[in-house]
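Using the hints provided, position chain B with the ligands relative to the given structure of chain A.
One-letter residues, chain by chain:
There are 2 protein chains.
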Amino acid sequence: MAKELVFGHQNPDTDAIVAAKAYAYLMNQLGYDTEAVALGEPNGETSYALDHFKAQAPRVITTAKNEVDAVMLVDHNEPQQSVADIAELNVTHVVDHHRIHDFNTSDPLYYRAEPLGCTSTILRKMFIEHDVEIPAQLAGLMLSAIISDTLLLKSPTTTEQDKTAVVALAKIADVDYETYGLEMLKAGTNLDDKSAAE
Amino acid sequence: MAKELVFGHQNPDTDAIVAAKAYAYLMNQLGYDTEAVALGEPNGETSYALDHFKAQAPRVITTAKNEVDAVMLVDHNEPQQSVADIAELNVTHVVDHHRIHDFNTSDPLYYRAEPLGCTSTILRKMFIEHDVEIPAQLAGLMLSAIISDTLLLKSPTTTEQDKTAVVALAKIADVDYETYGLEMLKAGTNLDDKSAAE
Ligand SMILES: [Mn+2]
Ligand SMILES: [Mn+2]
Ligand SMILES: [Mn+2]
Ligand SMILES: [Mn+2]
Numbered sequence: 001m002a003k004e005l006v007f008g009h010q011n012p013d014t015d016a017i018v019a020a021k022a023y024a025y026l027m028n029q030l031g032y033d034t035e036a037v038a039l040g041e042p043n044g045e046t047s048y049a050l051d052h053f054k055a056q057a058p059r060v061i062t063t064a065k066n067e068v069d070a071v072m073l074v075d076h077n078e079p080q081q082s083v084a085d086i087a088e089l090n091v092t093h094v095v096d097h098h099r100i101h102d103f104n105t106s107d108p109l110y111y112r113a114e115p116l117g118c119t120s121t122i123l124r125k126m127f128i129e130h131d132v133e134i135p136a137q138l139a140g141l142m143l144s145a146i147i148s149d150t151l152l153l154k155s156p157t158t159t160e161q162d163k164t165a166v167v168a169l170a171k172i173a174d175v176d177y178e179t180y181g182l183e184m185l186k187a188g189t190n191l192d193d194k195s196a197a198e
Numbered sequence: 001m002a003k004e005l006v007f008g009h010q011n012p013d014t015d016a017i018v019a020a021k022a023y024a025y026l027m028n029q030l031g032y033d034t035e036a037v038a039l040g041e042p043n044g045e046t047s048y049a050l051d052h053f054k055a056q057a058p059r060v061i062t063t064a065k066n067e068v069d070a071v072m073l074v075d076h077n078e079p080q081q082s083v084a085d086i087a088e089l090n091v092t093h094v095v096d097h098h099r100i101h102d103f104n105t106s107d108p109l110y111y112r113a114e115p116l117g118c119t120s121t122i123l124r125k126m127f128i129e130h131d132v133e134i135p136a137q138l139a140g141l142m143l144s145a146i147i148s149d150t151l152l153l154k155s156p157t158t159t160e161q162d163k164t165a166v167v168a169l170a171k172i173a174d175v176d177y178e179t180y181g182l183e184m185l186k187a188g189t190n191l192d193d194k195s196a197a198e
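Line by line, the protein sequences are chains A and B. Heads up: the first sequence at position 110 corresponds to 110 in this note's numbering, and the numbers run straight through without jumps. Heads up: the second sequence at position 127 corresponds to 127 in this note's numbering, and the numbers run straight through without jumps.
Looking at chain A on its own, in the form it has when it is part of the complex (with noise of 0.2 angstroms):
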């Protein structure tokens, strides 16, 4: 099987990195070839979600074709957010919570989506379908990616299954997830850097 890339849209929020490495740890489970890439670097939030975990980011690119004919497509669909390149590869699997928009295909695809709260919510329920257990670094991350899509359960956006996924996940990856959440949400805001700002 060709290797296909993986990657969340562009200005890459926490969703968009950690759904590309949760969907590309999932697929090599389940036999394909693929890498889990970014379209620009961890913002601050992300970067602190990384470190907690101990974890690598991503590789950035900003073009595919030039690597690999098909690629796979997390937290996005829509060809303006995507590589610059998109019209020119074949998008074989998207994982997504958002609106379809201006996304068209020649041939069949896999493609999922849900009106969830984030995408690494719907990523957990597919390790359960396909009976992959979730790895302790990779549950920590998906739990950062819930906690920064769905502002700590609090935004609009949130649904009862983003709810149990925050706590199934905070429990493999051992982490109390009210105390982490506030604290990777204020690495994000750089609050600590306003407040001494003030």
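What the hints contain is simulated information worked out from the structure, not anything from laboratory work. Predicted model, so just to flag it, every value in this text is computed and none were measured. Hints may be right or wrong, so weigh each one.
From chain B, some residues computed to sit far from chain A (all C-beta separations above 12 angstroms) [what the hints assert, rightly or not]:
| id | residue |
| --- | --- |
| 1 | G40 |
| 2 | A84 |
| 3 | D85 |
| 4 | H97 |
| 5 | I100 |
A partial selection of chain B residues facing chain A, derived with a Cβ cut-off under 8 angstroms [as the list claims (entries may be wrong)]:
| id | residue |
| --- | --- |
| 6 | Y48 |
| 7 | N104 |
| 8 | E178 |
For each residue, glycine too, the CB sits at the ideal point set by N, CA and C.
Chain B with the ligands alone, transformed into the frame defined by chain A:
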């Protein structure tokens, strides 16, 4: 929860009719209020399958907005293949095995596509994922849809998952799928009539 209509494409084939019935059944089991309808009368093959398993043809509609605000699509996504007033409706769910084309939403939705031979193969997996039993009558119809779309597992679009589904559904429906499948496909081509005329 407001009622939603579930339907397949215009000029319905067996999968378009059956997938609507199967998805409506599954969603109602999960607490939704749905009704399977069709965008046309069943063809000869589909009528044979419905008769064989003593099932009713879905009610035919030409517009949906006069009845509901939201709809679920099966076996298609392209607006030009859908109900006449699709642009005025909110599509909340799609289950399909075709390319995605000209399909745009303003809100996040549930979208499940897989590059398999038949929508009913995907739906069988969804019944399993949700731990909902497939009644024998519905299993017979889903079996018919897969036989129809894959030409008795012979078309180039046929996958291992379609084969697995056929064997499992035939067991639930208690039919010999090869004998039944040939009869059903024959009913669709009106082979008997043609032979008589030749
Ligand atoms: Mn995002
Ligand atoms: Mn997201
Ligand atoms: Mn069809
Ligand atoms: Mn079909």
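How the hints compare with the structure:
{"no.": "1", "hint": "G40", "result": "23 angstroms, holds"}
{"no.": "2", "hint": "A84", "result": "21 angstroms, holds"}
{"no.": "3", "hint": "D85", "result": "19 angstroms, holds"}
{"no.": "4", "hint": "H97", "result": "6 angstroms, violated"}
{"no.": "5", "hint": "I100", "result": "5 angstroms, violated"}
{"no.": "6", "hint": "Y48", "result": "27 angstroms, violated"}
{"no.": "7", "hint": "N104", "result": "5 angstroms, holds"}
{"no.": "8", "hint": "E178", "result": "26 angstroms, violated"}
The structure fails hints 4, 5, 6 and 8 (numbered hints given earlier, in ascending order).
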